[in-house]
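**Q** In our numbering, the protein residues as written are 150 to 252.
I should point out that these hints are in silico values taken from the structure, not numbers from a laboratory. Ideal Cβ placement from N, Cα and C applies to all residues, glycine included. A hint or two may mislead.
[To be verified] Using C-beta positions, here's what the derived DEER-type ranges look like: (1) D185 <-> Q209: 25 to 31 Å; (2) E240 <-> D213: 17 to 23 Å; (3) G214 <-> A245: 17 to 23 Å; (4) G226 <-> G195: 16 to 22 Å; (5) Q204 <-> G184: 25 to 31 Å; (6) T205 <-> G246: 29 to 35 Å; (7) R181 <-> Q204: 26 to 32 Å; (8) I215 <-> E176: 18 to 24 Å; (9) D227 <-> G203: 27 to 33 Å; (10) A220 <-> S189: 17 to 23 Å.
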Amino acid sequence: MKRTTLLIASLAALAACSSAQSLGEGERLNWRCDGDKAFSLRFAAGAVEAYAAGQTHYLQPTGDGIYSNGAVTYTEGDNTSLTGAPGGPYENCRRAGMLRRLL
Numbered sequence: 150m151k152r153t154t155l156l157i158a159s160l161a162a163l164a165a166c167s168s169a170q171s172l173g174e175g176e177r178l179n180w181r182c183d184g185d186k187a188f189s190l191r192f193a194a195g196a197v198e199a200y201a202a203g204q205t206h207y208l209q210p211t212g213d214g215i216y217s218n219g220a221v222t223y224t225e226g227d228n229t230s231l232t233g234a235p236g237g238p239y240e241n242c243r244r245a246g247m248l249r250r251l252l
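Sequences and hints are given; from them, build the entire structure.
**A** As structure tokens, then:
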């Protein structure tokens, strides 16, 4: 039992360290944020398609882990966020569903 718990915790920690860009192109990545807010995105042709509050935002790379269209910005890192999108701001976001994917 202890080994299983340790294995699951280790796998979850490794998964949390991996970048969203390690996903295959087109795979959806779901985020859960402070204030019970959520959004999802996928990488396509070097850009990001972010889905929030029923709207799609096409974001181009503007820096290391930063994608924007001038109005909406997705920032990936220690404090992942999506700003400028309706229903936001989406702050202090964490990848959702990682444990289920690992099991």
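**Q** The structure should be examined with respect to each hint, and the outcome stated for every one.
**A** Okay, the hints, checked on the actual structure:
For the pair D185 and Q209, the beta carbons lie near 29 Å from each other, so the given range of 25 to 31 Å is met. The hinted window of 17 to 23 Å between E240 and D213 holds, with their beta carbons roughly 19 Å apart. At roughly 19 Å, the beta-carbon separation of G214 and A245 lies within the given 17 to 23 Å, and the hint holds. The hinted window of 16 to 22 Å between G226 and G195 holds, with their beta carbons roughly 18 Å apart.
Separated by about 18 Å at the C-beta atoms, Q204 and G184 break the suggested range of 25 to 31 Å. Our hint of 29 to 35 Å for T205 and G246 is violated, since their Cβ atoms are close to 20 Å apart. Distance hint check: the CB atoms of R181 and Q204 are about 18 Å apart, inconsistent with the given range 26 to 32 Å. Taken as a hint, the range 18 to 24 Å holds for the pair I215 and E176, whose Cβ atoms sit roughly 20 Å apart.
Take D227 and G203: their Cβ atoms lie about 28 Å apart, and the range 27 to 33 Å holds. A C-beta distance of roughly 19 Å is found between A220 and S189, which places it inside the suggested range of 17 to 23 Å.
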